[in-house]
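Peer 1: Sequence:
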Amino acid sequence: MFNYNFQWRPVWRSLPDLFEASLVTLQVAALAIVLGILVGLVLALVRMNMRGPARWIATAWVELARNTPVLFQLFFFGFGLGAFGWHLTPFTIVLVGLTFNSAGYLAENFRGGFNAIPDTQLRAARSLGMTAWQAYTRVVIPQVFRLVYHPITNQMVWAVLMSSLGMLVGFRELSGETQFLASRSYRIFEYFAVTAVIYFVIVKIILLVSRLLAMRLFRY
Numbered sequence: 001m002f003n004y005n006f007q008w009r010p011v012w013r014s015l016p017d018l019f020e021a022s023l024v025t026l027q028v029a030a031l032a033i034v035l036g037i038l039v040g041l042v043l044a045l046v047r048m049n050m051r052g053p054a055r056w057i058a059t060a061w062v063e064l065a066r067n068t069p070v071l072f073q074l075f076f077f078g079f080g081l082g083a084f085g086w087h088l089t090p091f092t093i094v095l096v097g098l099t100f101n102s103a104g105y106l107a108e109n110f111r112g113g114f115n116a117i118p119d120t121q122l123r124a125a126r127s128l129g130m131t132a133w134q135a136y137t138r139v140v141i142p143q144v145f146r147l148v149y150h151p152i153t154n155q156m157v158w159a160v161l162m163s164s165l166g167m168l169v170g171f172r173e174l175s176g177e178t179q180f181l182a183s184r185s186y187r188i189f190e191y192f193a194v195t196a197v198i199y200f201v202i203v204k205i206i207l208l209v210s211r212l213l214a215m216r217l218f219r220y
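Numbers 1 to 220, taken from my numbering, label the letters of the sequence shown in order.
One or more of the hints may lead you astray.
Simulated DEER-style distance windows between Cβ atoms [claimed, not checked]: (1) S183 <-> G52: 47 to 53 angstroms; (2) T89 <-> A116: 35 to 41 angstroms; (3) K204 <-> G85: 41 to 47 angstroms; (4) W56 <-> P10: 52 to 58 angstroms; (5) I117 <-> R219: 18 to 24 angstroms.
Source of the hints: derived by calculation from the structure; they are not laboratory data.
Note that beta-carbon positions come from the ideal geometry of N, C-alpha and C, so glycine has one too.
Based on the provided sequences and hints, a complete structural model is requested.
Peer 2: Quick look at the structure:
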């Protein structure tokens, strides 16, 4: 017989704490995506244009990021490095872990974007007197970003949701704060139900902002 007594009042009183934790979640996810874009772009260019150890390292990064669980990656940066005397804060563990993971996925997205741009455009830019740097930054990369814009949005959503694993390394983001508050009141279902709604709203806002930004950036 189902006789669970729902008690939502503790959750409503804790909403300011949950909203503050949501900002922490957005902060670490946004930083991870910005760093992931920069590192992922470098990894893609290294894999496409270089040989030897640099390419091997870039390939190993991408393969490890894409083919191992995010949780294992967080544990490596949290506990694995700690075994060698490198002790990171919970925020840094999550930031580095999400950046490592996002860079691996975005590197493949960027590589696909570069391959979709005809080589003739790069050669045409060089024939106009542009240096390789100018040709990439003014002609090729802007088109690549247009092609990978939606995958970047998806990766941002992924980073927001995967940041919830930070609670397992002591990070007080949205899920970590929810776990802490729920353990004090024993209203596990109520707290996590509200937190799920908050995650849903955050993701929908990200997708809406992304759509509006795309309409402005890619009008032509």
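Peer 1: Look at each hint and say if it fits the structure.
Peer 2: Tested hints:
1. Distance hint for S183 and G52: a CB-CB separation of about 51 angstroms, consistent with the stated range 47 to 53 angstroms.
2. For the hinted restraint 35 to 41 angstroms between T89 and A116, the CB-CB distance of approximately 40 angstroms keeps it satisfied.
3. Remark: the range hint 41 to 47 angstroms for K204 to G85 is upheld by a beta-carbon distance near 43 angstroms.
4. For W56 and P10, the hinted distance range of 52 to 58 angstroms is satisfied, since their beta carbons lie about 53 angstroms from each other.
5. Roughly 20 angstroms separates the CB atoms of I117 and R219, a value that falls within the hinted 18 to 24 angstroms.
The structure shown violates none of the earlier numbered hints.
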